[in-house]
Each structure stands twice: as structure tokens, then as C-alpha cells.
Amino acid sequence: MTDSETTETVLDIRGLTKSFGSNVVLDGVSLKVGKAQTVCLLGPSGSGKSTLLRCVNWLEKPDQGSVYLSGRRIGVREGGHMAMSNAELARERARIGMVFQHFNLWPHLSVIQNIVEAPIHVQRRAKDEVMAEAEILLDRVGLAAKKDDFPSRLSGGQKQRVGIARALAMKPELLLFDEPTSALDPELVGEVVAVMKKLAEGGSTMLVVTHEMSFARETADEVILMDGGRIVETGAPGAFFKNPKTERARQFLQRYVS
Amino acid sequence: MSHGFEIVWEHSDRLVAGLVNTVVLSLLGAVLALMFGCVVAMMLMASNRVLALATQGVVDLMRCVPFLMLVYLVYYGLPQFGIDFDNWTAGLAALVLYNTAYMAEILRGIWKNLPRETIEAATAFGFQGRRLYTRIIFPQVFLAAGPMVGNQLIQIIKDTAFLTIIAVPELTQAASGIQAQYFVPFAAFIVAIFIYWALCALVEAGTFAVERLAEVRR
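In the order they appear, the protein sequences are chains A and B.
The opening residue of the first sequence carries number 81 in this note's numbering; numbering runs sequentially from there.
The opening residue of the second sequence carries number -18 in this note's numbering; numbering runs sequentially from there.
Excised from the complex, chain B in its bound form:
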């Protein structure tokens, strides 16, 4: 074998370390973005028109920024204002910030299409405030959101690759390092691509499981 796969294999520990970072960043980023996304979705759905419109403006703006630009802004721009992150935290912050806007938009869209009657029934039974959200609205939203949130998670996994430009030691960074050191670009990158594909396949499987749960619950 002379395409360099044996070299990549020799340095698989670096790929594994990168993979761990990619997974942790993706999962943490997705979970935090989903949590903040819930809060932002509530603001988007607020009966206060000013709050809803202002939030919509910020969300739209965030969705129009190229992710790479946001990473630059967080990592290089914010320190000018005394907000200083290490690379890893800056990467996570950018991921969360960016994807919160997308998650909020996904959740809002589904929320708007929930049958009003089930929420009204909850109101009639004395649900209001926090319990109305946590017991009645968000469980229904999450079940219906499965496929779209899964899709966004795949997006997040791919976004983590951009973090190589601020030297976050994730999978792309690791593959890039190996290929530069030993000049085995094809093998290093194709292995990384295969790993990304495997991650996305896992997400697809998870999405499918949520969809099956949701099927009888609607």
C-alpha cells in the first residue's frame, strides 16, 4: 500500500483525539444551541410584538453571517473588548451563537404549526407559564422537530471543521496536520471524510429513532 493509509493508521491516535473534540464540540454545541434556541423561540412567539420583532431581526441577521466570519469575529474581534477566549471555547461559543439562531427558527416554525387546540385544552386545565411550556408545548415541538434538528446537527458537525482556522484541534485539524507532515493528503483527508460520514450516519439513525417515537405521538 503506497497511498499513505499506513501512515495515517500509524497516527490514528491524532485522528481519534481530533474526533473526540469534533464530537464533544458538536454535541455540546447542539445541546446548548437547542437550549438557547428554546428561549429564543419563546421570544419569537412572545405576544409582545416589539420583543418578537427585535428577536426576529437578530435571528435573521445571525443566519446571514457566514459562519467563518463569525468565528473570526469571536476569536479575533471580541478580545478587543476584553472578551478573551481560548481557541476551543471561542469555537464552541461561535457554534452555539450561530446555531441558536437556526434552532430557534426551526422550533418557532414547528411551534406555530402545532394544533392550537391542544394548547387551549392545557389552558383550560390550568396550565400556564413555565409548566405550559415544559409539559405541553415543548414536548410536542421536540417530537415534531426530530428530522430538522437532526439535519441541523449534521450542519453543526460540518461547521466544526471551520474551527481549524482558529487552531481548534478537531478532526479536520488533525487530518490536515498529518497530511502536511507526511504529505499524504489523499489518505488523510479521505479517512477524515469517512469519519464525518460515519458521524452523520449515527445522527441519521438517531433522527430515525425520534421519528418513530413521534409517529404514534401526533
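Next up, chain A with everything else stripped away, as it sits in the complex:
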């Protein structure tokens, strides 16, 4: 973080590498996400976007490099090379909200229970307070009427909006979205994108892996194109979509933006 930057850095990824066997998935990726910024990660499938996201909260353990959240290193104890214990790692993970491609709601819990589960049992916050907040969150994602339903009774778009409310209930410093609309029927994408736009405008700090180009174009502060485990191009969405600097980006846009 330098003085010249106007916003404080929430997420700082430095030189991340990750291989599965001989397959190099991340090849030295560095990026920053500033407070209240929305950064979209674009790229063909297999380019390492999702793995990068999963390395942020150490669902995948990176081989090299480091991840800092608001200046605190994730996964490694302060000062040293000692890995964090599971309990320490869990505490850091609770600072980050995550929204999954396949929603991954807890099927044994009702909608409202899904939302309050981690705030009550991980963050150990007072139940009354958390419940009241959850009702407000459900209202914000337009699902107040569904609070006692179980996930199996919801449509994909509704599930994903619950997934977003569940992440927000943690009051996370950072929100990770892993292809949040890719598993949805086309007609359900809009309702989820609308909620995400509201969040971005409301000052949430978001790192979003997406194939939803309109979302990236209209909402992102910065778009990052990845390919083959590396960042190919970074830029403001206006410039990126109109005048991509690299040949790779031009090819990508031709294929994905009709």
C-alpha cells in the first residue's frame, strides 16, 4: 500500500502459484482489490480464475506467494513461515464471504437458518441481533417471504440470492463470487446480477469470477483477464471492452461478447 493510492487495499495477492501435479494452474498472480471496489476476473475456463479465488481463503493451499487481507497474512502466522492451525485459518476465513457457483446452501437448514448459522456458531454473535439482521438481508435480496422454506424448495436464482445473503451476514471485509450465475437458467441470471449490482454500488468489496460480461462492463471498477494461470490484461472496464491492449484479450472478447 502506498500513499499515492486513494483507497485502502483490502485484498493484496502477491506472486501466487499453484500446481495440481504437473499442471500449473496459477503462475505468479498478483492483484489488489481496494475498499469498496469490485474487481471482475474474466477468462476462459481452465484459466485459473476459480483456483485463484479458492486460494484467497485457502480452500486451496497456494504453493507460493501470499495473500493479505486488510494487511493481515492469510494462512501463515505472523512474522514467520509457520502455517496457521485449522482454528486460526477458520477465524481468517470468517472474515471473507463466499458465494459459490452451485450455491452450496446447507440443505438441512431453512433459508433463515442458513443465513444465521455461521454468524451465531462461528462468530458467536448474539442470536437476536443476528436474526434481526438476517430478516433485513432477506428483504434486501427480495426473499423475506421465503425465510422458513428449505433450499430444496427454491429456484436457482432464489438459492443464489440466499447464498449472497448468507455471505453478507458474516459482515465480511471481502466478498468472493465464484461464477455466481453460471449454474442458473438464463432467465434467472438477471435477479442475481441485480442484487450484486446493488452490493457493488452499496460499497461492498468484491472479487468476482464471472462470464457475465454485462455485469463486468457495467459494475466493475477493474477487470482482469486471466489465461493459462497468468494475468493477461488489467484495466478499467470501459477501456478493456472497447480497446483491449493485448491480442489475447481481443480474441477472448470476440468469443465471449456477442
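Just so you know, these hints were derived from the structure itself, not from any lab.
Quantities reported herein were computed from a predicted structural model and do not represent experimental measurements.
A few of these clues could be false.
[As the list claims (entries may be wrong)] Computed spacing ranges between beta-carbons, pair by pair:
1) A/I216 x B/E192: 32 to 40 angstroms
2) B/E98 x A/F100: 48 to 56 angstroms
3) B/C45 x A/D219: 53 to 61 angstroms
4) B/C45 x A/F100: 35 to 43 angstroms
[To be verified] Below, a list of computed lysine to any residue pairs in the SDA-like style, where the Cα atoms sit at most 25 angstroms apart:
5) A/K141 x B/N29
6) A/K141 x B/S28
7) A/K141 x B/S(-7)
8) A/K251 x B/T104
9) A/K251 x B/R112
Built from N, CA and C at the ideal position, the CB exists for glycine as well.
Model the placement of chain B on the given structure of chain A, informed by the hints.
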């Protein structure tokens, strides 16, 4: 009526006393076996390969022992090592020991087939250790386990009948006592069978209720 049903009826207090023991032994046995089964299932699912394999070995061994043999071992064998139970406790111990292996195997099978994603989501939200098990994994396992655990409970109820050989005063023992004393074997045994059937029907009803709960929760 001359098949002896009136005699059995006269001594229904003995059948009721036996039934109470059968019910208490079955329920206590099932609950304890399920509790220990959770612990053993965690050992079976442990990332430590040695622990998982060793546990699997013990579980497999236990499942291969005829229950009657285990009852003999606990009641007659263990006192040789200074471990002395009364009949009732020995019976319960054998029930729990035997069925823990089955319960653990049932729970492990369901656990293995849980969608990994819901557990991963819990990890991402900061669940780990005990809370991951009690809040996320076991509730899902239990819901899905309903029919199989119900089935095992029926097995346990029937296993309690074996305990008559170490003179546990359960239902079979009571029926057997009545028929021997008054020589009314048909009436005594058919009444006992009917009671066992009624117990199993109750278990079936309970299983059905759990299944209905589980239906919307998956």
C-alpha cells in the same frame, strides 16, 4: 378358549415387565450405539490413514461375530479378566458393542456420499473441528440415515431376544417362562411375537416421520 391365551393373559404382568426391559434395552442400546457410532464413524473418516484402517479392521471384525457369541464372551468371558457385569448390564454392553460397529458403518456410508460442497462451504465460512461436525456434517448424516438407522433399531429389538440365554428378564424370557410353567407354548410365543411386531411397527412409523422431515431437507 383352550389354547392357553387366558393363562397368558393372567400373567400379562410378567410380559409387561419383560416388554419394559426389551424397550429400555433396545432404546438405550440404540442411542448409545448411535452415539459411539458417531465417534467411530469419525475415526473411519479420519484423514489419518492408520487410524482409519485400524478402526475399519475392528468394525469389520465386530460385524463378523455372531451376536450370541459376543453375549457369551461379555457375560462369561470378561469376568475372567475381573470385568464382572450383572446380566442386564452385560446384555446392554453386548448390544452396544455389537451395534456400534453397524451404526458406524451406516453413518460412514452416508457421510461419504454427502455432497462435498456443503462441507466446503462450511469450511469457507469458518466452521472447523467440533462445530463442523455437530452443525453441518452430522445433522445431514442423521437426516439421510433415518431409514437405515430404523432398520438397525429393528435389528436391535430382535437381538435383545438373544439375551434370554444370559437370563436377562426381557420379553422372550418372560414368554418362555410362562410357557414352561403352564405349558402354553403357542399362546405365549404368539403373543410375544405380536408384541415384537407392534414394536417394529412403531419403529417403522418413526422412520417414516424422519423420512418426511428429510424429504425437504436435501
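Hints, verified against the model:
A C-beta distance of roughly 35 angstroms is found between A/I216 and B/E192, which places it inside the suggested range of 32 to 40 angstroms. B/E98 and A/F100 have their C-beta atoms about 18 angstroms apart, which leaves the hinted 48 to 56 angstroms range violated. Judged by the Cβ atoms, the range 53 to 61 angstroms given for B/C45 and A/D219 holds: they are separated by roughly 58 angstroms. Between B/C45 and A/F100 the C-beta distance comes to about 40 angstroms, which sits within the given range of 35 to 43 angstroms.
Proposed proximity of A/K141 and B/N29 is supported: the alpha carbons are some 19 angstroms apart, at most 25 angstroms. About 17 angstroms separates the Cα atoms of A/K141 and B/S28, which keeps this hinted pair within 25 angstroms; it holds. Between A/K141 and B/S(-7) the alpha-carbon distance is near 67 angstroms, which puts this suggested pair outside the 25 angstroms criterion. Taking the CA atoms of A/K251 and B/T104, the gap is near 17 angstroms; set against the 25 angstroms cutoff, the hint holds.
A hinted pair counts as satisfied when its Cα atoms are at most 25 angstroms apart, and A/K251 with B/R112 qualifies at roughly 20 angstroms.
In this structure, the earlier hints numbered 2, 7 are contradicted, and the remaining ones agree with it.
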